[in-house]
Amino acid sequence: MIRGVGVGILLAIYGRGVVDLESDIQRIGRELATAFPSAARHPLRSMDARALDLASSDAELKAALFRFVDVAPACRSMDDLARHLTNFLEEVDERPMPIAAAMRIAETRPGRAALGTAAARGVRHMAHRFIVGESLPDAGPTLGRLWDHGVASSVDLLGEATVTPEEADAYAARCADTLRGLTHLTARWPDRPVLEQDSLGRLPRANVSVKVSALTPLLRPDAPELGREDAGRRLRPLLALGRELGAHVHIDMESLDSREAVLGLVLELLSDPEFADGPSSGLVIQAYLRDSGDLLDAVLEFARSGSRRPPLQIRLVKGAYWDHELVEARQHGWEAPVFEAKAESDRNFEALTRRLLDARPDIRVAVASHNLRSVAHAIAYNRAIGGADADLEIQVLRGLGDELADAAASLGLRVRAYCPIGNLVAGMAYLVRRLLENTSNDSFLHAQARGTALDQLLAAP
Amino acid sequence: MSDLPEFRNEPILELRRAPVREGLADALSSLEAKLPLEVPVLIGSDARPGQDLISTDPGAPERTVARCAAASSEEVDRAVAVAGDAFAGWSGRPAAERAQALVSAAAWMRQRRIELAALAVRECAKPWPEADADVCEAIDFLEYYAQQAIDLERPRPLMQVAGERNEMRYVGRGVAAVISPWNFPLAIACGMTAGALAAGNAVVFKPAEQSPGCGLAVVRALLAGGVPPAVLSLLPGEGEVGAALVRHPDVHTIAFTGSQAVGLEIVRAAAEMAPGQKHIKRVIAELGGKNCVIVAADADLDEAVPAIIYSAFAYAGQKCSAAARVLAAREIIEPLTERLAGAARVLVVGQADSLDTQVPPLIEADAQARLRSCGEQAEEQGRVVVGGGSVPDSGWFAPPVVVADLPGDSGLLHNEIFGPLLSVEAVRDVEEACERVEELPFALTGGLFSRDPGTVRYVRSRTPVGNLYVNRGITGAIVGRHPFGGNRLSGTGSKAGGPDYLLQFSEPRAVSENTMRHGLAV
Chain Y
1 MIRGVGVGIL LAIYGRGVVD LESDIQRIGR ELATAFPSAA RHPLRSMDAR ALDLASSDAE
61 LKAALFRFVD VAPACRSMDD LARHLTNFLE EVDERPMPIA AAMRIAETRP GRAALGTAAA
121 RGVRHMAHRF IVGESLPDAG PTLGRLWDHG VASSVDLLGE ATVTPEEADA YAARCADTLR
181 GLTHLTARWP DRPVLEQDSL GRLPRANVSV KVSALTPLLR PDAPELGRED AGRRLRPLLA
241 LGRELGAHVH IDMESLDSRE AVLGLVLELL SDPEFADGPS SGLVIQAYLR DSGDLLDAVL
301 EFARSGSRRP PLQIRLVKGA YWDHELVEAR QHGWEAPVFE AKAESDRNFE ALTRRLLDAR
361 PDIRVAVASH NLRSVAHAIA YNRAIGGADA DLEIQVLRGL GDELADAAAS LGLRVRAYCP
421 IGNLVAGMAY LVRRLLENTS NDSFLHAQAR GTALDQLLAA P
Chain C
1 MSDLPEFRNE PILELRRAPV REGLADALSS LEAKLPLEVP VLIGSDARPG QDLISTDPGA
61 PERTVARCAA ASSEEVDRAV AVAGDAFAGW SGRPAAERAQ ALVSAAAWMR QRRIELAALA
121 VRECAKPWPE ADADVCEAID FLEYYAQQAI DLERPRPLMQ VAGERNEMRY VGRGVAAVIS
181 PWNFPLAIAC GMTAGALAAG NAVVFKPAEQ SPGCGLAVVR ALLAGGVPPA VLSLLPGEGE
241 VGAALVRHPD VHTIAFTGSQ AVGLEIVRAA AEMAPGQKHI KRVIAELGGK NCVIVAADAD
301 LDEAVPAIIY SAFAYAGQKC SAAARVLAAR EIIEPLTERL AGAARVLVVG QADSLDTQVP
361 PLIEADAQAR LRSCGEQAEE QGRVVVGGGS VPDSGWFAPP VVVADLPGDS GLLHNEIFGP
421 LLSVEAVRDV EEACERVEEL PFALTGGLFS RDPGTVRYVR SRTPVGNLYV NRGITGAIVG
481 RHPFGGNRLS GTGSKAGGPD YLLQFSEPRA VSENTMRHGL AV
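Chains as they are written, first to last, in this note's numbering: chain Y, 1 to 461; chain C, 1 to 522.
I should point out that these hints are in silico values taken from the structure, not numbers from a laboratory.
Since we're looking at a predicted model, the values are computed, not measured.
Note that the Cβ used here is the ideal one computed from N, Cα and C, for glycine as well.
Treat the hints with caution; some may be incorrect.
Stated by the list, open to error - Derived list of chain C stretches under chain Y, where covered just means 3 residues or more per stretch with a C-beta under 8 Å from a C-beta of chain Y:
no.: 1; segment: 8 to 22
no.: 2; segment: 148 to 160
no.: 3; segment: 448 to 457
Said to hold, decoys possible - Computed beta-carbon distance windows for the label pairs:
no.: 4; chain 1: Y; residue 1: ALA170; chain 2: C; residue 2: ALA269; range: 29 to 37 Å
no.: 5; chain 1: Y; residue 1: GLU107; chain 2: C; residue 2: GLU439; range: 45 to 53 Å
no.: 6; chain 1: C; residue 1: GLU513; chain 2: Y; residue 2: ALA100; range: 54 to 62 Å
no.: 7; chain 1: C; residue 1: ARG93; chain 2: Y; residue 2: LEU326; range: 36 to 44 Å
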């Protein structure tokens, strides 16, 4: 791999380079779009798309359906489920035809049972799209199939919020079991050089994403030290296990409330001589944060200061807590920590992508986005500065970015899907966030699903 | 001047950012250099210093925070007389002028907000986030009531017919005695005082004996903002100062926040006509609560557990809005109790000046003894699932307690404890939970966790409480957003920080003028 910094600066200086980059982005974006599997291969997807389209057509209806999805696993009978559904729908002023019909059905007890059953099936179906299984054995075949299709995975363990030490211990134990289980499972998988090798060396097949907030009940925004120490006691053995097994342990980033604790903890642990030569590990940068550039500075300084190997993998995401961050800031009268306009996030995402790619080989880079433009930009810039495709990882969320994953894999790119495992109750918060993402009027996927022209989808933000 | 900027809540400190946290220690040291504070009796422009009482740091009782004079009965009389003389002038000023004084007082506080919070940390053992919120709320009260005073001055719409001109307006009632508690030592003192002043009353203010330093800070802010000294006197002291004010024939309004026992005594005493009294006294009382949180079978426990823990144990449960009883559907009582217990066990009990602390010491030795006794009763009468945790030796600490299976007639389920003790009870359904709430003589705050809009509607229509919080914690009312105050024996139904709070301090006057002269409507 070449050091790209200089090349990147040169490209920025010479306008011609920028023009070339833009045309490369367009070309690569079109290549990816052409490689998208046709809708016919996913008949269920188009059904989902219609349901979500219906939901996103009206704000009240969307709120009602999302609140229903959220409470569904806590309902105790089909009757209870139907009662919740109709109570939510009662708050919707203008009910589309199918909803009005559902409301009439729910007027009788057998009707409610039928409606409840149908609704439960709908929620389960929706959940299965995003959640690969209740447990690792359950999810194993899906993960294997993904691998066969040229898509690696990172497993995320869904769980209830951690409010007690026992819950933190249980989560840490699940993570450890998953690291062992995945190591065992993936050992039988066939060789896939694209997915397990870059110019720096081997990439682990077993890859687990860990949430610091689940490793301690003590994480508090105004007192980050307590939670950091407590989570550290549980994360340290996981890193040691990852090192022993040769697995990758990625630390997820959550809301800004926990960022300081998460970043501080990970950099502290990884500085320990114990972890000087492993495990493979990584962090997340959220491009929707206004100060994400400063955060990247800190992370790069860390990455450059030590001789830790393998280098940290930085996963660049837009960020999944946008509503939360904005609402919290508004309720407290704080300046919003996130960009409020989507285009600002998108522009920042591209700027950070370039900085990350320029910073190799001190770090490894994963670009996680469902936005065709953002992904095409990363690929084009990487090639423009002389990077190899093998030194850029494209990441997607299972259930949201499947088509993009298939398309990128078919072009020989390295792709990884973020695959949540867990039961429906524990998965609800995750599921609702994903549904919100998919139906947000701002979202790329929403625009894509509604048939926005490719030119527009690929336009510079 | 009726163009005050639109009211906005003062933002609390963004303590999740390290540089913001780092500023706190400096503020504390700069305060400590000034301790002990000297709190005089302030009447008009006279300050009479004294060292009759001291307030101490509840976490280090050997540390004196303020030395203060205690007002004598002669001083009570003089303060009321000075206020009575000054009332007409203050009441006669345009509302905009009174409002400007409050807005300037808010600015004075804003400039010193971290040092004021530090004072609440030291004098009342409020942990930093709570102390900061107390300062913000005080600022909010000043600015919100300033706006309200201007709004209240506008004539109310009345029916008008030919030949007459009708008008109704509100004016201040006279001398208001403000008797404030220590648990929100800046906010509540400031809110009651600012409300009375905004509406055009003259105020004689008696802060809690545990927090005279904070009381003085409120008075200094208002005087610095331009409230004339004669309109605001400070009478530190113990219970008898408040009692003398309540009995005084020239006090028109009594604004009290505190215990139910004292509040009911005030209501009784205020009803007795004193020789020379020419008006019916009005009592505005915010008393205690026995606040219940209903957790329905469809609740999201991930949200309910942290919210209940915070509501019950933050500031060691010393809030009238704090959660005391959890009424949980039996389908979820087991996991809920287990998770509440696990979360309560890892609460950090410690000094208020550490950001790690969630449960600070109680305000005084009596409170510690009371909580110890409640803990023993819990052991005798119920199943203690969390209790007996270790606490620091010095300071009035009490460990968090969670108790289940208390018998229905246990005093722990019916009396306000005002400390870190939470009971958990199983109920058949939300209806039974509402019945248990209904049995209580208190009706301050209440909580509901449910994801069924039908359940929310049902509880909303049935609950007697002044403040119902749905799917969130039940403390932390915010000015202008959550008008705060209880019903039944929890208070007189006034709503602090609400759109009609100033009416409590006002009397309406209507004028109807005949405009017919010699058969001509002019």
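Going down the list of hints, with the structure as the test:
For a cut-off of 8 Å, the count of residues in the segment 8 to 22 of chain C with a CB near a CB of chain Y stands at 11, and the three-residue condition holds. For the segment 148 to 160 of chain C, the assignment as covered by chain Y is violated, since 0 residues bring a beta-carbon within under 8 Å of that chain's beta-carbons and 3 are needed. Counting residues of the segment 448 to 457 of chain C whose CB lies closer than 8 Å to any CB of chain Y gives 4, so the stated coverage by that chain holds, three being the minimum. Restraint check, Y/ALA170 to C/ALA269: a C-beta distance of roughly 58 Å breaks the suggested window 29 to 37 Å.
For the pair Y/GLU107 and C/GLU439, the beta carbons lie near 36 Å from each other, so the given range of 45 to 53 Å is not met. Roughly 59 Å separates the CB atoms of C/GLU513 and Y/ALA100, a value that falls within the hinted 54 to 62 Å. Between C/ARG93 and Y/LEU326 the CB atoms are about 42 Å apart, so this pair conforms to the stated range of 36 to 44 Å.
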